[in-house]
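A.B. asks: If you want the building blocks of each chain, they are given just below.
Protein chains: 4
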Amino acid sequence: MLEELKERVLKANQYLVEYGLVTLTWGNVSGIDRKSELVVIKPSGVDYNLMKAADMVVVSLDGKIVEGKLRPSSDLPTHIELYKAFKEIGGITHSHSENATSFAQACAEIPCFGTTHADHFNGPVPVTRVLTEAEVNENYELNTGKVIIERFKELDYLGIPGVLVAGHAPFTWGKDPEDSVKNNLVLERVAKMALNSLMLNPQLSKLPEYILNKHYKRKHGPDAYYGQRKK
Amino acid sequence: MLEELKERVLKANQYLVEYGLVTLTWGNVSGIDRKSELVVIKPSGVDYNLMKAADMVVVSLDGKIVEGKLRPSSDLPTHIELYKAFKEIGGITHSHSENATSFAQACAEIPCFGTTHADHFNGPVPVTRVLTEAEVNENYELNTGKVIIERFKELDYLGIPGVLVAGHAPFTWGKDPEDSVKNNLVLERVAKMALNSLMLNPQLSKLPEYILNKHYKRKHGPDAYYGQRKK
Amino acid sequence: MLEELKERVLKANQYLVEYGLVTLTWGNVSGIDRKSELVVIKPSGVDYNLMKAADMVVVSLDGKIVEGKLRPSSDLPTHIELYKAFKEIGGITHSHSENATSFAQACAEIPCFGTTHADHFNGPVPVTRVLTEAEVNENYELNTGKVIIERFKELDYLGIPGVLVAGHAPFTWGKDPEDSVKNNLVLERVAKMALNSLMLNPQLSKLPEYILNKHYKRKHGPDAYYGQRKK
Amino acid sequence: MLEELKERVLKANQYLVEYGLVTLTWGNVSGIDRKSELVVIKPSGVDYNLMKAADMVVVSLDGKIVEGKLRPSSDLPTHIELYKAFKEIGGITHSHSENATSFAQACAEIPCFGTTHADHFNGPVPVTRVLTEAEVNENYELNTGKVIIERFKELDYLGIPGVLVAGHAPFTWGKDPEDSVKNNLVLERVAKMALNSLMLNPQLSKLPEYILNKHYKRKHGPDAYYGQRKK
Chain W
0 MLEELKERVL KANQYLVEYG LVTLTWGNVS GIDRKSELVV IKPSGVDYNL
50 MKAADMVVVS LDGKIVEGKL RPSSDLPTHI ELYKAFKEIG GITHSHSENA
100 TSFAQACAEI PCFGTTHADH FNGPVPVTRV LTEAEVNENY ELNTGKVIIE
150 RFKELDYLGI PGVLVAGHAP FTWGKDPEDS VKNNLVLERV AKMALNSLML
200 NPQLSKLPEY ILNKHYKRKH GPDAYYGQRK K
Chain F
0 MLEELKERVL KANQYLVEYG LVTLTWGNVS GIDRKSELVV IKPSGVDYNL
50 MKAADMVVVS LDGKIVEGKL RPSSDLPTHI ELYKAFKEIG GITHSHSENA
100 TSFAQACAEI PCFGTTHADH FNGPVPVTRV LTEAEVNENY ELNTGKVIIE
150 RFKELDYLGI PGVLVAGHAP FTWGKDPEDS VKNNLVLERV AKMALNSLML
200 NPQLSKLPEY ILNKHYKRKH GPDAYYGQRK K
Chain S
0 MLEELKERVL KANQYLVEYG LVTLTWGNVS GIDRKSELVV IKPSGVDYNL
50 MKAADMVVVS LDGKIVEGKL RPSSDLPTHI ELYKAFKEIG GITHSHSENA
100 TSFAQACAEI PCFGTTHADH FNGPVPVTRV LTEAEVNENY ELNTGKVIIE
150 RFKELDYLGI PGVLVAGHAP FTWGKDPEDS VKNNLVLERV AKMALNSLML
200 NPQLSKLPEY ILNKHYKRKH GPDAYYGQRK K
Chain V
0 MLEELKERVL KANQYLVEYG LVTLTWGNVS GIDRKSELVV IKPSGVDYNL
50 MKAADMVVVS LDGKIVEGKL RPSSDLPTHI ELYKAFKEIG GITHSHSENA
100 TSFAQACAEI PCFGTTHADH FNGPVPVTRV LTEAEVNENY ELNTGKVIIE
150 RFKELDYLGI PGVLVAGHAP FTWGKDPEDS VKNNLVLERV AKMALNSLML
200 NPQLSKLPEY ILNKHYKRKH GPDAYYGQRK K
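Protein chains in written order, with numbering that gives the first Met the number 0: chain W, 0 to 230; chain F, 0 to 230; chain S, 0 to 230; chain V, 0 to 230.
Worth double-checking, as some hints may not be accurate.
Just the calculated beta-carbon pair ranges, DEER-fashion [as the list claims (entries may be wrong)]: (1) TYR209/F <-> GLN13/S: 46 to 56 Å; (2) ASP222/W <-> GLY62/F: 17 to 27 Å; (3) GLY220/F <-> ASP46/V: 16 to 26 Å; (4) LYS68/W <-> ASN200/F: 19 to 29 Å.
As a list, the in silico DSSO-like pairs of lysine-lysine whose alpha-carbon atoms are at most 30 Å apart [unchecked claim]: (5) LYS205/V <-> LYS218/V; (6) LYS68/F <-> LYS218/W; (7) LYS205/S <-> LYS205/W; (8) LYS83/V <-> LYS63/V; (9) LYS213/S <-> LYS68/W.
Output of the computed footprint for chain S on chain W, the stretches with three or more beta carbons under 8 Å from beta carbons of chain S [to be verified]: (10) 68-79; (11) 122-132; (12) 164-175.
Source of the hints: derived by calculation from the structure; they are not laboratory data. Cβ atoms here follow ideal geometry from the backbone N, Cα and C, with glycine treated the same way.
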């Protein structure tokens with residue numbers, strides 16, 4: 000079932016390696032079929048180079064395995080919470096990429112310092128609060144999803160397709176699995192350049208709002224004029 | 000038309016990937032045929048590995064598409080302004096390379112700290128002012144070209160073949176498309192080493208003028224003695 | 000003798016190169032056969048690409064060469080001390096990987112700032128004291144082992160499978176040679192991200208204990224639920 | 000003539016690329032045949048991938064071209080001065096490698112912070128003084144050699160096989176061309192780790208002398224016990 004989605008989720012997981020976003024097995028991508036409400040996700044702790052499409056695990060939104068012989072990624076409950084709250088996304092990527100994770104560890108959001116950031120994230124990349132001891136001890140991965148959703152109560156998850164979980168690492172999402180991996184890559188590059196810029200000037204102010212808006216709208220929304228016309 | 004220039008512009012765009020200067024599709028190279036006053040430029044948002052010479056877009060200096068089925072790079076108006084103002088250049092490269100962009104984001108010029116810099120840029124690499132809201136809202140890309148030209152009013156664009164657009168990223172140019180990409184690569188390396196040197200000594204003073212001049216003239220101008228004699 | 004272990008030790012040494020943990024010949028991996036109490040180790044100063052399994056040196060726990068035509072790694076006495084003190088380990092890796100070594104040179108332990116760290120090291124990665132002049136002049140490599148063991152008097156070497164030797168570089172260990180190399184890679188990544196996080200916030204506090212414990216236990220111990228069930 | 004040395008010099012220049020020490024054509028390696036007092040050096044500004052052994056230029060110690068159709072590297076006079084002053088070296092490498100050059104630009108020597116450094120450089124890697132205007136304007140490259148030699152008046156060039164030229168970049172040497180490239184690579188790695196260590200602790204003190212001496216002697220001199228016995 001969902002063979003095409005499995006292929007796409009496999010491919011998106013392999014992009015994690017190609018883009019240099021993962022070490023060992025520290026990352027996972029999932030995709031959702033909104034019609035059947037089924038999620039396809041990477042199996043836990045399996046080598047990216049040995050995985051086949053058939054190893055992808057199909058789960059329902061209540062976390063039950065519908066198809067697959069392997070255990071799903073241990074971060075599955077986080078993915079599910081996000082799919083339930085963010086109705087228009089089709090893919091989610093979690094990685095421990097070097098620079099985005101460095102910001103997450105520092106519990107610091109990534110300010111928008113330039114147009115590279117503005118082209119993809121319509122504002123600073125937010126950081127969640129640290130989970131409480133109770134939230135960690137019981138249903139940790141599900142609660143990780145909940146603090147992300149809490150952080151986005153006043154934010155537009157389509158305009159800002161990613162977050163830093165405090166003390167942990169980034170989650171990004173997108174219209175499909177490939178898109179969520181690309182946003183993970185963008186976040187990593189943006190984090191690295193923000194770190195460098197802060198080293199040049201620790202008091203650096205953020206990009207003026209009017210430039211942020213202009214760049215975001217060049218690429219997104221009804222008046223976008225970047226790229227080729229979609230057929 | 001201009002088949003040879005299309006091949007060279009394609010190749011120069013592929014160098015962006017080979018030199019590690021781009022992520023996804025964040026960069027573009029163009030070339031100009033000064034006789035016909037036609038510009039050849041990369042199409043917008045197309046994968047570097049899938050592009051063919053025939054995908055390059057030919058445009059006139061008033062921005063009209065003369066040949067090509069795809070939309071030109073959205074930065075085309077910036078390229079055109081530069082070709083009109085800097086009469087002796089034959090190629091332009093725009094990238095979001097990591098370290099040069101970090102300086103651009105910090106709105107900081109790159110001082111000349113060493114001979115690697117002096118070999119290619121005859122002075123600090125300048126940074127433009129931030130565009131005003133009006134300049135951003137109307138004809139943004141054209142105005143990006145204008146602030147670059149404004150910044151070079153007192154500078155020699157042949158001696159300093161590149162600039163940092165504040166809050167954005169670098170543009171470099173050269174006698175042809177390949178040359179403009181090489182200057183982009185040099186700028187990236189020079190930016191990285193300047194960042195490192197500033198971390199070792201935030202109060203670092205610039206290279207004495209007499210060494211800057213010596214190195215620049217070793218490689219450029221009538222008394223150059225670096226490299227092989229041109230035939 | 001021990002042909003299979005030789006193959007594994009060879010392979011683990013080659014992972015050092017594949018993972019980018021070594022320059023020239025600056026690293027070595029060994030493995031132990033606990034039944035025969037024999038250690039298999041890389042020969043000293045030999046190119047990783049030219050080594051064959053037959054070049055691995057077999058030594059007893061009193062340091063005598065049992066089989067092999069080449070000299071063992073000069074760090075052999077350190078490995079032996081560790082095998083004698085840490086009874087449950089099966090492999091040891093020593094490298095001069097860039098970021099872990101930078102912490103070792105700064106005589107600074109690596110605090111646990113995030114879950115990437117917590118997934119593999121159940122607490123800060125400790126740094127040894129600097130060896131005394133007497134310890135350096137006589138039996139230097141053996142004494143290197145002794146200060147590591149001294150540092151672990153109150154620590155659990157299974158929970159924290161690595162150490163920074165002050166002014167020198169990291170040693171890591173694991174249940175077998177491959178596992179010790181993986182821990183070396185993890186330490187390198189964790190060190191890089193800790194360095195970045197400290198640059199973002201030099202006063203950064205460590206991850207709360209309850210998150211550290213949760214992540215460590217997700218991957219290790221009787222209630223681990225990361226990865227696939229072992230057969 | 001000197002066909003074997005040409006092959007070795009070619010190969011050593013190609014190592015510059017393989018080791019990631021050069022961008023474009025920013026580096027050169029030479030070797031000397033002490034019997035005939037002839038130097039073999041890379042031609043100036045030629046692509047490393049297109050060079051052949053026959054392109055290497057043979058020059059005498061008074062700087063005359065003895066064989067070769069191409070211009071020698073513009074740094075030739077520096078190489079010659081070093082060969083004349085440092086009688087026991089057989090190869091010289093000049094690069095603009097990222098981290099060593101960053102120290103050179105900061106006019107900062109590289110303190111010995113760890114055993115990676117001590118294994119190869121028997122003390123801090125020194126930095127020359129800045130050349131005077133007169134020294135730059137007349138015989139610049141020859142004077143670059145002279146300030147290096149001046150800096151080593153009280154230093155042992157065999158124990159410390161490299162230097163940073165202030166505001167410029169590193170020169171390293173060795174018993175043959177390959178050895179000089181390896182020392183360039185070591186210097187680059189050591190520079191990077193020193194920079195990192197200084198970021199962790201700007202007041203970091205250097206490695207105790209007794210550890211420096213121990214490590215240097217483990218690898219060099221009559222009592223060396225690192226590596227395999229020479230035949």
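A.B. asks: Now tell me, hint by hint, if it's right for this structure.
C.D. replies: Now the hints, each set against the structure:
no.	hint	verdict
1	TYR209/F <-> GLN13/S: 46 to 56 Å	51 Å, holds
2	ASP222/W <-> GLY62/F: 17 to 27 Å	18 Å, holds
3	GLY220/F <-> ASP46/V: 16 to 26 Å	23 Å, holds
4	LYS68/W <-> ASN200/F: 19 to 29 Å	59 Å, violated
5	LYS205/V <-> LYS218/V	20 Å, holds
6	LYS68/F <-> LYS218/W	20 Å, holds
7	LYS205/S <-> LYS205/W	28 Å, holds
8	LYS83/V <-> LYS63/V	15 Å, holds
9	LYS213/S <-> LYS68/W	26 Å, holds
10	68-79	holds (count 3)
11	122-132	holds (count 3)
12	164-175	holds (count 3)
In terms of the numbered hints stated before, the structure departs from hint 4 and from no other.
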